[in-house]
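Visitor: Spelled out from the first residue to the last, the chains are:
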Amino acid sequence: MSEPIRLTTPLSRKDVEALKIGDQVLLNGVILTGRDAAHKRMVEMLDRGEKLPVSVDGQVIYYVGPTPAKPGAVIGSAGPTTSNRMDAYAHRLMELGLRGMIGKGSRGRNVIEAMQKHGCVYFAAIGGAGALLARSIKESSVLAWPDLGTEAIHRLVVQDFPVVVINDVRGNDLYQEGRKEFDLTAKTIV
Amino acid sequence: MVRTIHVDEVVPAVAELCISANYDLNEDTIQSLKQGMEHEESSTGVAVLRQILDNAAIATEERLPMCQDTGTAVFFVEVGQDVHLEGGSLYDAINEGVRQGYKEGYLRKSICDPFTRKNTGDNTPAIVHYDVVPGDRLKITMAAKGGGSENMSSVVMLKPSDGRQGLINYIVKRAAEMGPNPCPPIVIGIGIGGNFEKAALLAKKAILRPLGEKNPDPELAALEEEILKKTNALGIGPQGMGGRTFALGVHILKHPCHIASMPLGVNIQCHANRHKDVVL
Numbered sequence: 020m021s022e023p024i025r026l027t028t029p030l031s032r033k034d035v036e037a038l039k040i041g042d043q044v045l046l047n048g049v050i051l052t053g054r055d056a057a058h059k060r061m062v063e064m065l066d067r068g069e070k071l072p073v074s075v076d077g078q079v080i081y082y083v084g085p086t087p088a089k090p091g092a093v094i095g096s097a098g099p100t101t102s103n104r105m106d107a108y109a110h111r112l113m114e115l116g117l118r119g120m121i122g123k124g125s126r127g128r129n130v131i132e133a134m135q136k137h138g139c140v141y142f143a144a145i146g147g148a149g150a151l152l153a154r155s156i157k158e159s160s161v162l163a164w165p166d167l168g169t170e171a172i173h174r175l176v177v178q179d180f181p182v183v184v185i186n187d188v189r190g191n192d193l194y195q196e197g198r199k200e201f202d203l204t205a206k207t208i209v
Numbered sequence: 130m131v132r133t134i135h136v137d138e139v140v141p142a143v144a145e146l147c148i149s150a151n152y153d154l155n156e157d158t159i160q161s162l163k164q165g166m167e168h169e170e171s172s173t174g175v176a177v178l179r180q181i182l183d184n185a186a187i188a189t190e191e192r193l194p195m196c197q198d199t200g201t202a203v204f205f206v207e208v209g210q211d212v213h214l215e216g217g218s219l220y221d222a223i224n225e226g227v228r229q230g231y232k233e234g235y236l237r238k239s240i241c242d243p244f245t246r247k248n249t250g251d252n253t254p255a256i257v258h259y260d261v262v263p264g265d266r267l268k269i270t271m272a273a274k275g276g277g278s279e280n281m282s283s284v285v286m287l288k289p290s291d292g293r294q295g296l297i298n299y300i301v302k303r304a305a306e307m308g309p310n311p312c313p314p315i316v317i318g319i320g321i322g323g324n325f326e327k328a329a330l331l332a333k334k335a336i337l338r339p340l341g342e343k344n345p346d347p348e349l350a351a352l353e354e355e356i357l358k359k360t361n362a363l364g365i366g367p368q369g370m371g372g373r374t375f376a377l378g379v380h381i382l383k384h385p386c387h388i389a390s391m392p393l394g395v396n397i398q399c400h401a402n403r404h405k406d407v408v409l
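In order, the protein sequences belong to chains A and B. Each residue of the first sequence is one higher than the last, beginning at 20 in this note's numbering. Each residue of the second sequence is one higher than the last, beginning at 130 in this note's numbering.
Chain B on its own, in the form it takes in the complex:
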């Protein structure tokens, strides 16, 4: 049975996702920050984490963006293969939702031409990734991705001989270099395998997993644990001022790759870990 969804339903749903992502930090992140505060050995680190938690509470209460960088609007859209979309383009509807959400929510418009730096004025165009999936639903996940942490991300084509240890070394080295810049505590999204663009996309998708939820693959779960321990051992701490809580979580997604390759994507998410979803 084909189910029809009018794109006019998409617009307000997207606008609401943009606003709520920016005003309301998800409960998993709040809990993770609280746990970090309990285990933090640095008094400065504890003070920083407390301010971050206070900030999240103020944002929700006062209906104010938690961070002034309200991000690039990134979407992961799962389109059920039994869905028929009518009334216009889905991409246009998503962008209209961004336009309305960023205006009505008093969010900052941060998108500009790469050369002239002229602002587009409404935070469009959004970056939209589509997956066609079984079923008759349309699931839209919105991430408000800040510039500071995104700038600390990278894709690298490791050699197959680098293996697990080479991968760990690369990530720990990157973490040491970025220090305070990505607004720690951070979430480290990692995409292993695939190819150049797949590794980056997996790294971004990996961030969406709720903090505290274990990787279903035991080998990857162990790898996540090891990277978390090693990056937190660097002493960078909250906001890079010294301490134990640099990363709240390390999330990995893996995909088979070419016999000649070992692609690695590392996407960094700041503590304003903003994403929301809706199912239509």
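Bound-form chain A, shown alone:
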């Protein structure tokens, strides 16, 4: 595996165009959180022609619903949730300049195409490694919709937050390519 690439948010189109599948990236700076309920609300606002409570231009959004922080802690356990539940909404945020998404699991064809069109990448963090990932989160505050609890939009400050590029701006997919390399069954099963 190659050396990790350090990136600081906000990301430019040029930053993400340089990334390719399988790249290990250490993210630094501010990232936003949002999962099912926040995405639904954001898209409903856009449908009504309203302005979002946060700007997503140049931003990276992390699909996460952390556990409650213990007293004195920044955050609880904070690993990624399954991304495909956000597939119906993702392109709307890319249209507004979103440069990165962090989650786990495969994305739909429409999302991969939108990434190519708008210049956005999809990163995976290790699913189920919430305690380890929490160590890279240095600040956490609610930016919008505290009523959504764990699903509210948070502003996180991260330091060397470890992710892997799954889908790049050229339509490649690490989940497909990585698997091909180790697939012993292509000829015998299906």
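Mixed in with the good hints, there may be bad ones.
[As the list claims (entries may be wrong)] In silico DMTMM-like links for lysine to aspartate or glutamate, alpha-carbon gap of 25 Å or less:
1. K334/B to D406/B
2. K59/A to E145/B
3. K247/B to D202/A
4. K163/B to D202/A
5. K302/B to D106/A
6. K89/A to E145/B
7. K157/A to D406/B
8. K89/A to D346/B
9. K89/A to D183/B
[Unchecked claim] Chain A residues, not near chain B, derived (Cβ > 12 Å throughout):
10. G77
11. A107
12. K136
13. E196
In short, the hints are calculated from the structure, not lab data. Just so it is clear, CB atoms sit at the ideal spot from N, CA and C, and this is done for glycine as well.
Given the coordinates of chain A, assemble chain B onto it according to the supplied hints.
Guide: Then chain B, alone, in the frame of chain A:
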């Protein structure tokens, strides 16, 4: 001799099960992940497995949930037929234990109304399965079942003519479809036979068997081995990024079924293979 157990004893025991299941990964899973890392051919796969093991160590050391999805609280309760429970409802006591454990352990509350999606706020109601067994003990097993892997589970009514090969084909096809989504490496719990609900329940119970412990039925042990080999040959690997370690284990339970049927339950467990038990 009838033995009396007060339900007040159940509450703290359940709270502790919820917390320890989420903080402390069982040793069998840790050993299985280490073995996977030794045999993994993908360098990305090795890096992923190392992070998963580091994560488990951090969770135990810092008393933090290993995963932010602290699960649906699922219970298997074996009630000895010589046990007399007093002081209230056992089901209420289990739910009170969940309420306290999820609060005191700073665990995420993930249970909501299926339509309105309004959160119940305390991770109740728990899902409780009871068995009445000989003896005067009360054994409570708690599994914290995450949503991502549960969503990849299924029950299918195969045809008797599908047989052993049809069953293998179905599971391998499902594994190929789920790919990275259930947070591999996973444990594949399989229930064969019974009926619609029995197959699902057996599949879930099968997961509870410690990894590395052989199925006592030699035919099922051979079937487990074959499914393990075939699913790992898909190349999906840890977190679906490519590699050898997709499944840590395949666990099967079997039950006789109707002459017209061949029910199959497949319950998927992510690498955060969280379950603990207590005997009162």
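Visitor: So if I understand the rule, the pair passes when the alpha-carbon distance is 25 Å or less; does K334/B with D406/B pass?
Guide: holds, 13 Å
Visitor: Would you check whether the claim that K136/A is not at the interface survives, using Cβ distances to chain B and the 12 Å cut-off?
Guide: At about 24 Å from chain B, K136/A clears the 12 Å cut-off, so the statement holds.
Visitor: Does the no-contact call for E196/A survive, Cβ to all of chain B over 12 Å?
Guide: violated, 7 Å
Visitor: Holds or violated: K302/B and D106/A, Cα atoms, limit 25 Å.
Guide: holds, 23 Å
Visitor: Holds or violated: are the alpha carbons of K247/B and D202/A at most 25 Å from each other?
Guide: Distance of about 42 Å is beyond 25 Å: violated.
Visitor: For G77/A, is the shortest beta carbon distance to chain B beyond 12 Å?
Guide: The claim stands: G77/A keeps its Cβ more than 12 Å from every Cβ of chain B (closest is about 26 Å).
Visitor: CA of K157/A to CA of D406/B, is that 25 Å or under?
Guide: Given pair K157/A, D406/B is violated - Cα atoms ~35 Å apart, limit 25 Å.
Visitor: Measure nothing beyond the straight line between the CA atoms of K89/A and E145/B; if it is 25 Å or shorter, mark the hint as holding.
Guide: The hint holds at about 17 Å.
Visitor: Is the nearest CB of chain B more than 12 Å from the CB of A107/A?
Guide: Nearest chain B Cβ is 15 Å from A107/A, so the label holds.
Visitor: What's the verdict on K89/A and D183/B, does the C-alpha distance respect the 25 Å limit or exceed it?
Guide: holds, 20 Å
Visitor: Taking 25 Å as the top limit, are the C-alpha atoms of K163/B and D202/A close enough?
Guide: This hinted pair holds, its Cα atoms lying about 22 Å apart.
Visitor: Given the hinted pair K89/A and D346/B, is their Cα-Cα distance within 25 Å?
Guide: With Cα atoms ~46 Å apart, K89/A and D346/B exceed 25 Å; violated.
Of the numbered hints stated above, those contradicted by the structure are hints 2, 3, 7, 8, 13, listed in ascending order.
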